[in-house]
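Visitor: Quick mapping for you: the protein sequence lines, in order, are chains A and B. Per my numbering, the first sequence runs over residues 1 to 312. Per my numbering, the second sequence runs over residues 1 to 600.
Bear in mind the hints are in silico, worked out from the structure with no lab data behind them. Be a bit skeptical, because a hint or two may be false.
Unchecked claim - For each label pair, taking beta carbons as the anchor points, the in silico distance ranges come out as:
no., chain 1, residue 1, chain 2, residue 2, range
1, A, Lys58, B, Val48, 38 to 44 Å
2, B, Arg444, A, Asp185, 37 to 43 Å
3, A, Thr290, B, Gly238, 31 to 37 Å
Claimed, not checked - In the DSS-like style, the derived pairs of lysine-lysine whose C-alpha atoms are separated by at most 30 Å in a straight line are:
no., chain 1, residue 1, chain 2, residue 2
4, A, Lys105, B, Lys353
5, A, Lys200, B, Lys366
6, B, Lys590, B, Lys493
7, B, Lys353, A, Lys26
8, B, Lys353, A, Lys211
Keep in mind it's a predicted model, so treat the numbers as computed, not measured. Using N, Cα and C, we set each Cβ at its ideal position, and we do this for glycine too.
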Amino acid sequence: MKKVKTKIWLVCTAVLCAFASCGGEKHITVISRTAGSGTRSAFEELVANEDGRKLGGKDENGKEYSLLVKTALEKSETGDVKTAVASDKNAIGYISFGSLDSSVKALALNGVEATEESVSNGSYELQRPFVVMTNATATLTPRAEDFMQYLQSAESEAFASEAGAVWVSDPKTRGSEDFPVPVTDWTAKPALPSAGENGKVVINGSTSMQKFIERAALGYAEEYSASVTDIFTIELQSSSVGRKGAETDTTGNFIGLSSASVAGNEKVRAFTVCLDAIVVIVNLASPLQTVTAQQLFDIYTGKIVRFSELGA
Amino acid sequence: MTKVKEKIGRAVFAVSAGICILAVVAIFVFLLAKSAPAFAKIGVFNFVFGDTWLPSSSDSYNAPLSGEYGVFTMIVGTLATTVGALAFGGVLGYFTAVFLVFFCPNGLKKVLSSAIGVLAGIPSVVYGFFGVQFLLPILALFAPNNGAGLLATSLVLGLMILPTVVSLSKTSLESVPRAYYEGAVAMGATHTQAVFKTVVPAARSGIVASLVLGVGRALGETMAVVMIAGNSATYPSGLFGSFRVLTANIVLEMGYAGEVQEGALVATGVVLLVFVLLVNILFSLLSARAVKRAVKKTKNKKSRPRVGMRIRDFFGNLAYRMKSSSIGKGTAIFSGTFTALTLVCIVGFVLIKGLPHVTPHFLFGKFVFGSENITIFTSIVTTLMAIALSLAVAVPLGVMTAIFLHEYTAKENLFVRIVRGAIDILGGVPSIVYGLFGLITFVRLFGGTSSILAGGLTVSVMLLPTIVRSTEESLRAVSDSLREGSYALGAGKLRTVFKIVLPSALGGILSAIVLAMGRVVSESAPFLYTAGSVIWAMPTSYADNGATLAVAMYRLAGEGWHTNEAYATAVVLVGIVLILNLLAGFVAKKLQKKWNGEKR
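If we strip away everything but chain A, and leave its shape as in the complex, we get (with noise of 0.2 Å):
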């Protein structure tokens, strides 16, 4: 009998210490996004060292690659990163520009700060792309030809800016230098078009570019009087389901949208809306308020695993 309460008494001491040595300050809570996010490639392609290495993408021989801290969180939605980094004094994350709220703290990057202005410089470095794209074959229905037209007319500038991206202007940078995309004039049509057989035209895309497309489609159903949901079915995944969904369309019906560059590929007619900074968030009790590239790399690659050693 005496045997078994030592033995539980050892049992009790040891987890005691375990929990005690646990003490002091906590390991960083690195926050990443589940792989296939367009956010998530797109922060592993600009998140590099001194050396030039990035934290993610493809390798010269174009295998994928990953240097994420193995302990890192997996989250598949932008909001679950904000959540957990809200509620963990200890974490860092990533998230668009444009979901930002005040339940975190974003973070300067080299000592500058994501504004339009920094953006559209680009000397805020951590910058992708919105893109928004049809197929390249197939004939648009009249609605979606409409809509596309509404996109790249300047009525998007007020949507853009409500979701906190940056309206990009200049037509080469919308397009590319051998197809540059000017700014068109849109002006309603007598009665809203018609989506073919379908009934509606359907939008698949970047989640990141959620707040971008709800305004955008609230704007233009009231150009027409109409209802956003008898318009379009709108039902955001990823940018790759976004992608293929245009590379595949034959219906001419479906708008693919991209938190990612498709420059180059050829089966899609896309162009660029606007510009988005990808922030990177602490929580609001932490006392940090800038972190350089090399940092942030070290964090996401487990070198640095204590805010106390990024000497804030």
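Following the hints, complete the assembly by docking chain B onto the known chain A.
Guide: Okay, now just chain B, sitting in the frame of chain A:
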């Protein structure tokens, strides 16, 4: 004329039984067909034992792979969290069952038993949300990270398998002959000694079977784990630390998946299915042996202890090994109280946080696109439509299959054995695998976009085993003298079934239907990729897509800026489960009484 009718009747019943077999075959064929190219491209060995999961959504079958697809870390993660769940939920469940049967005051017993029924019905998204909002912050107090990891998933999964373990262990404890207990007491044993040293060992094979079934449930659980495991594709490291399980892999990446990635995710489902089937085979072997042993025991007293039995002895004699039954008694009482408190905790937490946000607008408001003012009315309608469709398909099929199995087959021929096997397999398939199946069959069939039609059909397959089993159970409860009486009066088989047997079994069948409704309400994994995952406008037809309540809750909880609405949805879900549970009990009792009253 009558003969033809009888024959047609029999044929119809047999066909619906055949459909059950077809469903199983279809699940296997489609999953294998979809995953075979991925297995071939990646290599079965590399896939199962590779420990790097780094998919590339641009990979296709006719180009060299650029990503890596190995699920071994997730297999380890799944097994680790299952063991953890068993260590917590299994032991707690076992002692709770002992408490319920032997140490519980009679009044409390009824309440606690039905409370455990409620615990079984709570949707897994609610468990997950509870884990995120309640458990993780507590664990984070002494964890090096935010609390996510093996400990959190083990605790939540443990709670989720608890009802399974308790109800099955309780049944086997209750079925031990009273004489065992009385004999022990007559020999001078105390109540506690009699319980732990005679009754519990006698029931141990049933208890072990209940643990195995709990393992099956833990392996296949999806949504709750996704919300609290952390989900990085690595091995679980210690009690805290992000890791990923097989089911989570499917849910997390199906929405993004490229060509090869999609095949690999279906292959993940196949690996999961293999695990669950192995566990289920183990279960049926164990329960078959339990029956055999019980028969054998009366014939010859001593049987040689084998390894399998030693493992069983371990659990059966857990208290005995402590050399003191009073510790067992204490643990049993503690476990019972703990279980009751946990239920109060979950329901109370959800109610307190959510009730203030359940407003008329939230429940019945008009859906406005892009509005911050969330309403779940469209989700309520979507859920109702899904319930109507899945029951319309599953109930006739299930009831007819049960009639075929119980009324039309005197002896167990090959066909009947296959049908039973098929039902058992269907019962064991994890809900996320149903979701995969629905995605690659019904969704593709109806034009590639998710629709309530596809979701409802998917879930109707999932409901089949539940309905068949409980209908058969209630048919079995109908006394044979009723059938004999009917035949004696000259009625044919069909007439006997429809006029005599079915009405007598109606109470049981109806309560099974009510519980099936509860299942549709609480499931989210099978709907996520079949019926749609966004809260959208009011569905006008079955071709529209929409999020059911549980999916809407997953969505709201995940998006982060609608936490209050997520709590409110949880209140609605828990409320529905409570009401349906009460209704099921009420229906069964009321109808049974009415029938008995008329006939006697």
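Visitor: Hints first: check each against the structure and report whether it holds.
Guide: Now the hints, each set against the structure:
{"no.": "1", "hint": "A:Lys58 to B:Val48: 38 to 44 Å", "verdict": "violated (25 Å)"}
{"no.": "2", "hint": "B:Arg444 to A:Asp185: 37 to 43 Å", "verdict": "holds (42 Å)"}
{"no.": "3", "hint": "A:Thr290 to B:Gly238: 31 to 37 Å", "verdict": "holds (33 Å)"}
{"no.": "4", "hint": "A:Lys105 to B:Lys353", "verdict": "holds (26 Å)"}
{"no.": "5", "hint": "A:Lys200 to B:Lys366", "verdict": "holds (21 Å)"}
{"no.": "6", "hint": "B:Lys590 to B:Lys493", "verdict": "holds (27 Å)"}
{"no.": "7", "hint": "B:Lys353 to A:Lys26", "verdict": "holds (29 Å)"}
{"no.": "8", "hint": "B:Lys353 to A:Lys211", "verdict": "holds (28 Å)"}
Hint compliance for this structure: hint 1 is the single one not met.
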